[in-house]
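Using the hints, put the two chains back together into the complex; each one sits in its own frame.
If you're matching them up, the sequences are chains H and S in order. When we follow our numbering, the leftmost residue of the first sequence carries the number 192, and every step to the right adds one. When we follow our numbering, the leftmost residue of the second sequence carries the number 89, and every step to the right adds one.
Rather than coming from a laboratory, the hints here were simulated on the basis of the structure. Any given hint might turn out to be false.
To be verified - Residues from chain S that keep clear of chain H, each with C-beta distances beyond 10 Å, as calculated:
{"no.": "1", "residue": "Glu146"}
{"no.": "2", "residue": "Lys197"}
{"no.": "3", "residue": "Thr263"}
Stated by the list, open to error - Here are some chain H residues pointing at chain S (derived, C-beta under 7 Å):
{"no.": "4", "residue": "Gly322"}
{"no.": "5", "residue": "Trp347"}
{"no.": "6", "residue": "Glu458"}
{"no.": "7", "residue": "Phe462"}
{"no.": "8", "residue": "Ala467"}
{"no.": "9", "residue": "Ala471"}
{"no.": "10", "residue": "Gly530"}
{"no.": "11", "residue": "Gly531"}
{"no.": "12", "residue": "Tyr534"}
{"no.": "13", "residue": "Glu536"}
The beta carbon of each residue, even a glycine, is placed where N, CA and C say it ideally should be.
Each chain, written out:
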Amino acid sequence: MDFSLSEEQRMFRSMFEDFSTNEIAPLAEELDHEETVPLGILEKAARQGFLGATLPEAYFGADLDFLSYALLIEALAKECMSLSVTLGTHVGLVAMSVLRHGTDAQMEEILPPLAAGEAVGAYAMTEPDAGSDTTRLETRAVRDGDEYVIDGVKTWVANGDMGAEGPSAVFLVFAQAADGITAFLVPGGTPGLTVGYREPTLGLRNVPFHTIYLEGCRVPAGKRLGAEGEGPEIAARAEERMAVTLGAGALGVASSSLDVATQFASERVQFGVPIAQKQAIQAYVARSAAEIEALRHLVYHAAWQLDQGARLDFHAPVVKTFAARVARDVTDYMVQVMGGYGYMEDYPLARKYRDARALSLIGGPTEVHEVRIAEQVFAECDVEIVP
Amino acid sequence: MDFSFSPEHVALRRMIRDFATNEVAPIAAEIDREHRVPMDVLRELGETGLLGVCFPQEYGGMGAGETGYCILMEELGRVCTSTATNVGAHIGIGAMAIHLDGTEEQRRKYLVPLARGEKFAAFGLTESNAGSDAANINTRAVRDGDEWVINGGKIYITNGGYADVITIMAVTDPTLGARGGITAFIVETDWPGYEVAREEDKMGIRGTSTVELVFDNLRVPHGNVLGKVGEGFVTFMKSLDMGRLTLGAACLGGAQAALDWSIEWATKREQFGSQLAQKQSVQWMIADVATEIEALRSLVYRVAWMVDTDQPFSRVAAMCKLYGSEVASRAIDAALQIHGGLGYSRDYPIERAFRDARIAEIFEGTNEIQRIVIASRLFREHGVRVSP
Chain H
192 MDFSLSEEQR
202 MFRSMFEDFS
212 TNEIAPLAEE
222 LDHEETVPLG
232 ILEKAARQGF
242 LGATLPEAYF
252 GADLDFLSYA
262 LLIEALAKEC
272 MSLSVTLGTH
282 VGLVAMSVLR
292 HGTDAQMEEI
302 LPPLAAGEAV
312 GAYAMTEPDA
322 GSDTTRLETR
332 AVRDGDEYVI
342 DGVKTWVANG
352 DMGAEGPSAV
362 FLVFAQAADG
372 ITAFLVPGGT
382 PGLTVGYREP
392 TLGLRNVPFH
402 TIYLEGCRVP
412 AGKRLGAEGE
422 GPEIAARAEE
432 RMAVTLGAGA
442 LGVASSSLDV
452 ATQFASERVQ
462 FGVPIAQKQA
472 IQAYVARSAA
482 EIEALRHLVY
492 HAAWQLDQGA
502 RLDFHAPVVK
512 TFAARVARDV
522 TDYMVQVMGG
532 YGYMEDYPLA
542 RKYRDARALS
552 LIGGPTEVHE
562 VRIAEQVFAE
572 CDVEIVP
Chain S
89 MDFSFSPEHV
99 ALRRMIRDFA
109 TNEVAPIAAE
119 IDREHRVPMD
129 VLRELGETGL
139 LGVCFPQEYG
149 GMGAGETGYC
159 ILMEELGRVC
169 TSTATNVGAH
179 IGIGAMAIHL
189 DGTEEQRRKY
199 LVPLARGEKF
209 AAFGLTESNA
219 GSDAANINTR
229 AVRDGDEWVI
239 NGGKIYITNG
249 GYADVITIMA
259 VTDPTLGARG
269 GITAFIVETD
279 WPGYEVAREE
289 DKMGIRGTST
299 VELVFDNLRV
309 PHGNVLGKVG
319 EGFVTFMKSL
329 DMGRLTLGAA
339 CLGGAQAALD
349 WSIEWATKRE
359 QFGSQLAQKQ
369 SVQWMIADVA
379 TEIEALRSLV
389 YRVAWMVDTD
399 QPFSRVAAMC
409 KLYGSEVASR
419 AIDAALQIHG
429 GLGYSRDYPI
439 ERAFRDARIA
449 EIFEGTNEIQ
459 RIVIASRLFR
469 EHGVRVSP
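Chain S with its partners taken away, still in its complex shape (with noise of 0.2 Å):
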């Protein structure tokens, strides 16, 4: 078994080293202080072409699968948590559920010029009395000739602010629930009926825009029905999916650049008459965190791997979103501690990597939610089926 990376993601890993290293590190602060999403950078990053890094060629991306994808998030989560959020949004789910479901005449529309970051993407599938309950949808959809009406909305949208294209989830049959009543649209925000509403004033990963949508007679031609009618639910699983493998992967990063600011400041600071890297407490938690990160790391790129070819993955990228969250979690709780006051000082990137982390065990389905779906799926194998 061969567990190097190719040399082609070994060059990307080292482009885009230098991206995060000389374009996104310096502002991840200010993004944050300033509540805004860094949309200079995204554009830049769209320029190198790394907004497609996951999408065939032939249709603007650079073809460098989900281990290239995986590079991407794990090097942008070491440095700005909110940076990663908002390509985590436009490539793994936005952009992703057209690549998956779309007609060529969809994905040569709205794949191509998303993958080439010249417009950006959102996902929008949660509502006030559906968060982890997906299903319990709301917003309607309803057939008018050549065109669909869709009414309701939608709450905590990530990139909702500044996307130009958006996959809803909307009710196109009530009396079917998940299975048949729930169908996919592409939207195109500048579309009358479309509206967003507010944005969310949140703990950490302030330097994205997390907002309600309004859609008050939405029309959406039926040429823009994503996948099959009443196949909806199909597609934003196999959606979600995906971004839970790349979401552990910037999770892998964030706890990596917790550990390594750990030991660094380990071996600087004094007290008691030695440096705390010659404290057994210090030392204890550096070790634990170093060996979740190892084991989160293989993970990862099995995860990868598995996907790049072919291979079923649901249960496994589940736990690459759960084990990943909660290993950034601990890891940069750690890092805090041994900070002291500076880890709860808003002058030093800790307290910042700490409330970022937070939405990880949330978002993108909470960790029970992955739980549910990694537990269902070893009783399956049983004949067992379990709800949540």
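So that you can see chain H by itself, here it is in the shape it has in the complex (with noise of 0.2 Å):
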């Protein structure tokens, strides 16, 4: 078994490392104090083709491999984490489920633009009583002629409101249809839907988490993605993806994390050696060190089997448990290896300690995903477990 990267995913990784550095890094502390969305960072990623990772060719896409994909989250996640959510949203929730579901006519429409970053996917699925229960959400759409007419809310919407400088958002909103749960692409300015409120965050402060009201909101069938009914499968391989986009980011962070304090514990001397020699922060460097490269070899496995057109029941919520749990621990313990400098706003670690405790809520609650575990490893003996 080969486990290297392609030749071309080396360079791809360089090249996006080198984005990472150059781009990000200089910007991220006062991003993340201004809490602004990164416009200039977003625009240079499209003409980089970022924003169209994935998207083939043909509607002005990268054509990257989800491998690849993966490599360059992980990149941006190094120096801001707030972009990896972005971009995890746009293209791995919305983007990829138009390229997976959508009819040809939806396709053409509305994935070069997406590509170009003209507009950008925002997710739509959580409800005030339905976060970590999507089974049964309140937002209705009710088929009228040719149309349908949406009425709900919706919160916690990443990339929800771009700004009035920014590039205009496509809806990829859930509701209860006649046959099920629907998905529809419902884009921002339809009369109808609203955005409202900004959710202060602990971190990711530069992903605009918004609250969207929709009130007669009138959408064309073809905007419908998929059949009625087909909603929970399109989240489904969604939020399947999210995961392991979610499990990359958790990597950027946790080796960022851990790069940055060792290189202090390298140079930080107190007891007239580097700290670097106290077993205590040799401890916390390994179990670090250990868990990052675990969950290397999980996110990158499970990046490959999405490109082999595998489901992922089982891998997707291993990965997401897993990737939160390493980026808690290692921001915690590097935080815990920089004392005093590890909790100053003007220091990497405070922000990567915030952005980082996302990722045990943000794709689903870790929870929530252990229960998918079981269920699977106790469907081995013919055990159907009951949520």
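Here is the structure:
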């Protein structure tokens, strides 16, 4: 078995890391502080083809395999985890859903603007009473002739509003229709769709998370993605891709935290030696390095599996739960290695710690993913888990 | 063994809880958002006499002992970690050093107004080369007649932006190390040569002042040497020991608040057809947190009793800080997880508690130093010296 990245993938990774170092690193601290949407960086990313990362060339995408896209996400997350969530939502949740489930007409209409970054995908699933449990939604889509009328409230919509100067949004909205939960592509600015409150967050402060209101929002039937009732399948495939994407984001935030803190530990002298010489510090570093190594293999393998067309019923929740744990453990250890400097916002560890904490919640809480894993394991014993 | 609090301590707790609920809790979110110290609340606390809770009544204090001080820190920690931190630095290390090693004259002059909350205190030890290695300070004090001239600086000084009185550690004999080379000085912050250079931008406890200080030919009268020349290290170790216990108490309060929020939310929030309280994953988190809080509560108040009955407490006080900070972090992390998105939102108090809690494992001696203190005391009993 050859586990190495191809020469092309290594070249891509190098290019992605250069982008991250040159375009993102100098701005990351200020961006987090200002909580702005990083439009300048997104424009540059669009010019590099990143916003259409996995889309076919026919739609002006970069035609990257999922593993290369995961390397991109990892590189971005090294300097700014928010960007990995914004891009992950745009490409993995929205654009690829259109690619997998859309009609030719939908793909031709929506994918090129998404690839160019002229429109940004936003994912509208969560509701005030549907957080962990999205099996019953209150948002309704009622067929009326050639249209659907959508009513409801969606919360925590990532990329909900890119700002007055920014690209418009395409909302992938999940609503209860006659034949079950159904997905709709609703462009921003559609009458009846109002973008509301932006959620102030602990971390990921450059991802605009918004509440949106759909009030008598009329959408042509041609904007329905897939069939009525196909929503759960579309969401499952999208969230599976997002689990691997967030895994790559976790790799970025964890590995960069390890790099920053080990550099610090090799320079910081206390009790006559660099603290790298202290066994307690070595233990934190060793545990972190080992977890990152394990996560790396899990994420790259899962990404490769997606490229083979596999379903990740087991591996997606495994990646997600492990990634959340690694990101939390490593950022926590590395804050500790940096001591007081790990607590100051003019050093990078504090924001990496705040950003990483999201991973056990965003994309579904760990507890729910663990039930999914247990379901797969017990299925082999012919036991069906009742949630 | 009677584990109950005395009627005086029960009454004290009730009084403090009322103050915390009515005066402190309402400002907790805004002082974090606005990044400011709640000076008016601190002054009000001063007027109640609570800023002298553990000091003898003859010095303007309440005479409620370390147990009373732990109760104060627990109740404040329950509603606002920033306020508890301001108070802890003022009483626990700032004023405490003067109480422990001050002359009668120094106590009359400085401890009394601090105990009465008429003035505020800070403790100046840390420098850029002296974090965990506290004895590695460079600030220099040179004798000049009846005065000492201090040059150097400090970093990460809590309360430093507004303190009136600060106990500073300086090197008085560079040929000696911790033993004999360091002296403690009581400094009034309006003296020439004392400058507050910058305020830090911290992840949490944003309702506190954490500053860099610069001393430029700061002249201090010989009468302001605290304890004996060359014995500053002993003074600061004793102060830090005391501070560790009460930081543990503040962590206890924070952990308890997190548990209370978790239980309440788990009874209200429904997903998958039933309350979160019905889910075993949530029950397990709450049971584990509750068990640790119970253990921490017993530890903290037993150590407070040991201090109040003049028993050695250095090792067990370090345990209060070590365990308390970790229990608080785990309790708050569980609360964040249980609250889901609300736990990550700045519209709710959990994420503030998450940011605030993290510093407890780092300041007042990192948890690595606490482990060294504990291990070295245990090995010393077997005749083995352990160094950091």
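Hints versus structure:
No Cβ of chain H approaches the Cβ of Glu146(S) within 10 Å, the least distance being about 37 Å, so the stated non-interface status holds. Annotated as non-interface, Lys197(S) keeps its C-beta farther than 10 Å from every C-beta of chain H; the closest such distance is 32 Å. For Thr263(S), the non-interface assignment is confirmed: its Cβ lies about 17 Å from the closest Cβ of chain H, beyond the 10 Å cut-off. Interface restraint check: Gly322(H) against chain S, minimum CB-CB distance 5 Å, threshold 7 Å, status holds.
With its C-beta approaching chain S no nearer than about 6 Å, Trp347(H) sits inside the 7 Å limit, and its interface hint holds. Interface restraint check for Glu458(H): the shortest CB-CB distance to chain S comes to about 12 Å, outside 7 Å, so the restraint is violated. Annotation: interface hint on Phe462(H) holds; nearest CB of chain S at approximately 5 Å, less than 7 Å. Checking Ala467(H) against chain S by beta carbon gives a least distance of about 13 Å; that is not within 7 Å, so the hint is violated.
For Ala471(H), the shortest C-beta to C-beta distance to chain S is roughly 5 Å, which falls under 7 Å, so the interface hint holds. The beta carbon of Gly530(H) comes within 5 Å of a beta carbon in chain S, closer than 7 Å, and the hint placing it at the interface holds. The restraint placing Gly531(H) at the interface with chain S holds, with a minimum CB-CB distance near 5 Å, inside the 7 Å limit. For the restraint placing Tyr534(H) at the interface with chain S, the shortest Cβ-Cβ distance is roughly 5 Å, inside the 7 Å limit, so the hint holds.
Because the smallest distance between the Cβ of Glu536(H) and any Cβ of chain S comes to about 4 Å, under 7 Å, the interface hint for this residue holds.
Violation of the numbered hints given earlier is confined to hints 6 and 8; the remaining hints are satisfied by the structure.
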